[in-house]
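Protein sequence lines, in the order shown, are assigned to chains A and B.
So for the first sequence, the UniProt record's numbering puts the first residue at 1; every next one is plus one.
So for the second sequence, the UniProt record's numbering puts the first residue at 1; every next one is plus one.
No lab work stands behind these hints: they were computed from the structure.
Being a predicted model, the structure only gives us computed values, none of them experimental.
One or more hints might be untrue.
Copies of the same chain look alike in the list, so a pair counts if it fits in one copy or across any two.
Listed below are the simulated DSBU-like cross-link pairs for lysine-lysine, each with C-alpha atoms no more than 35 Å apart in a straight line [what the hints assert, rightly or not]: (1) Lys198 to Lys68; (2) Lys198 to Lys59; (3) Lys273 to Lys189; (4) Lys76 to Lys274; (5) Lys3 to Lys59; (6) Lys3 to Lys289; (7) Lys3 to Lys268; (8) Lys198 to Lys88; (9) Lys194 to Lys59; (10) Lys68 to Lys244; (11) Lys68 to Lys274; (12) Lys198 to Lys296; (13) Lys7 to Lys189; (14) Lys189 to Lys179; (15) Lys68 to Lys194; (16) Lys189 to Lys76; (17) Lys194 to Lys7; (18) Lys117 to Lys289; (19) Lys280 to Lys68; (20) Lys2 to Lys189; (21) Lys189 to Lys80; (22) Lys7 to Lys198; (23) Lys188 to Lys198; (24) Lys3 to Lys189; (25) Lys194 to Lys88; (26) Lys296 to Lys188; (27) Lys244 to Lys5.
Protein chains: 2
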Amino acid sequence: MKKIKIKVPATVANLVCGFDILGMAVDAPYDIMEIQLLDRPEIIITHTDDFGLPEEPSKNVAGIVLLKIQEYLALKNGFKVAIHKNIKPGSGLGSSAASAAGAAFGANVLLGNILSKDEMIHYAMFGEELASGVRHADNIAPCIYGGITLVKSSAPIDIIPLNTPDLFVVAVHPQVEVKTSDARQILKKDILLKDAVKQWGNIAGLVAGIQNNDFNLIGRSLHDCIVEPVRSILIPQFDEIKAKSMELGALGGGISGSGPSIFMLAEKEETAKKIAESMKSIYDEIEIKSFVYLSKINPTGIQIIN
Amino acid sequence: MKKIKIKVPATVANLVCGFDILGMAVDAPYDIMEIQLLDRPEIIITHTDDFGLPEEPSKNVAGIVLLKIQEYLALKNGFKVAIHKNIKPGSGLGSSAASAAGAAFGANVLLGNILSKDEMIHYAMFGEELASGVRHADNIAPCIYGGITLVKSSAPIDIIPLNTPDLFVVAVHPQVEVKTSDARQILKKDILLKDAVKQWGNIAGLVAGIQNNDFNLIGRSLHDCIVEPVRSILIPQFDEIKAKSMELGALGGGISGSGPSIFMLAEKEETAKKIAESMKSIYDEIEIKSFVYLSKINPTGIQIIN
């Protein structure tokens, strides 16, 4: 009986100025998935968490990915999957991407590593399409590759894995709902060329900073004059969280994905801990329940744990 | 008598997708400047070329830079400068930047290296302001630093020197006039967010490619969906030159600065030579006089030759 257990990392998409192109895997939170190869063409999904996600394969993010793999590879096998999700759906921390990427990764291992990373991404994007209506790779790419990835294009797939700077990541997930579709609709379709130029100066600086492990340059580049000013109004206390984190020594940070989670980068664990406490206490004060995750940038992506 | 002779490289600004932020120094063409420190506060500029540029210091690009240095440093010295310009004014190859950067660089050496590179850029931008009305560092930064530079911000000055990929550069300067002000006016003030996202994916890819010496990635990233489609209509045979160059094996290329020069990058000298011949013959055929320069990316910027 072929069976594996994998650990699938949460991911932070956009990375402030890198709207729709950059993403980063983090060590926490993460999902656990057990995937078994069946000798009959059945797909069985069970969730051992209590988020009430659909388990019918065609309606489940992992299920649809496995159905597509089964279909395109004309498999006679099926898969039985048990998902224990710790990455909360709707958190902006790549919950659907984790299920989708985990399914593609797990199936690939069980089938004898017949897929390239980009092929796994290709299949996993069907899960994102089911979850949000958009076949995007912003979260899937770092989940599969680890570290920080650039999605230069998702059709055709052109993913550039960047360096993994040795940095701490603090993410706070306030228990409020921000729908990805709302977060997308609120954006203006037109932007000023002069703002775009400022943005691409920051993106170029961020990529150079990541590649050179220049933490100061990473910090100087984490500015977003286009998306953050619009989307941050959907997230309670965004400005306060950010200002206080910067005061405590964060390199920079912003909205994770389309929110409501907020992430901050820090060089030292001590700084990261203070930021985590500050985030928690800001939400406690206004009685919004929140979860805070302190970890590092995850260098490997999905890993087999047995 | 303190006197130096320097070689000042031409520069290619924008680098296709890097509008207003990237620039690159090239080995050819280049200006020669002789700068002498005077023990009286006079500024004397002479041009040994025949472009008919003004020699009155306050109206000369090198002159204004030296006047500003003299003023801000409260110098009792003056400078005598002889400029032999090979970089044609109005070519889009950083002619004014060369005079401005050369003046700042030369003065600095003669004054005992009291200025940082960014201070030289600060002074040299007064020359660009005189030439085009805009205090920009797109050409000055690579002229001073060499290689490829990112101007993350020009006020305050934040320049990131990037790698110098070992590539050949072919630039063709057709003898037509494209005014920088026209080239700027023709641009739309608003752009689509989705085009901006495509553009910053390419910029991120280009910077990663430059930093990793990944020539294929550099080539895949040299696309501009915003500025080139608009500005290229001002340059005769732009599409033909580009298409033919790509066919001959160019990695990519586009408008140099705001034109009319066009540049192409190539991995091999053989390919670069074919591109150079093709450019020349396309302009010969329609009886537009052109100059073609084949060289490499210049790694050092301005150099003292004695």
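The hints, checked one at a time:
no. : hint             : in the structure
1   : Lys198 to Lys68  : between (41 Å within a copy, 28 Å between copies)
2   : Lys198 to Lys59  : between (41 Å within a copy, 31 Å between copies)
3   : Lys273 to Lys189 : neither (38 Å within a copy, 44 Å between copies)
4   : Lys76 to Lys274  : neither (53 Å within a copy, 54 Å between copies)
5   : Lys3 to Lys59    : within (23 Å within a copy, 78 Å between copies)
6   : Lys3 to Lys289   : neither (37 Å within a copy, 71 Å between copies)
7   : Lys3 to Lys268   : neither (39 Å within a copy, 50 Å between copies)
8   : Lys198 to Lys88  : both (34 Å within a copy, 30 Å between copies)
9   : Lys194 to Lys59  : between (43 Å within a copy, 29 Å between copies)
10  : Lys68 to Lys244  : neither (45 Å within a copy, 41 Å between copies)
11  : Lys68 to Lys274  : neither (45 Å within a copy, 47 Å between copies)
12  : Lys198 to Lys296 : both (29 Å within a copy, 29 Å between copies)
13  : Lys7 to Lys189   : neither (38 Å within a copy, 47 Å between copies)
14  : Lys189 to Lys179 : both (18 Å within a copy, 31 Å between copies)
15  : Lys68 to Lys194  : between (43 Å within a copy, 28 Å between copies)
16  : Lys189 to Lys76  : neither (46 Å within a copy, 56 Å between copies)
17  : Lys194 to Lys7   : between (43 Å within a copy, 34 Å between copies)
18  : Lys117 to Lys289 : neither (37 Å within a copy, 51 Å between copies)
19  : Lys280 to Lys68  : neither (41 Å within a copy, 53 Å between copies)
20  : Lys2 to Lys189   : neither (49 Å within a copy, 59 Å between copies)
21  : Lys189 to Lys80  : neither (42 Å within a copy, 54 Å between copies)
22  : Lys7 to Lys198   : between (38 Å within a copy, 32 Å between copies)
23  : Lys188 to Lys198 : both (17 Å within a copy, 16 Å between copies)
24  : Lys3 to Lys189   : neither (46 Å within a copy, 57 Å between copies)
25  : Lys194 to Lys88  : between (37 Å within a copy, 29 Å between copies)
26  : Lys296 to Lys188 : within (33 Å within a copy, 42 Å between copies)
27  : Lys244 to Lys5   : neither (39 Å within a copy, 53 Å between copies)
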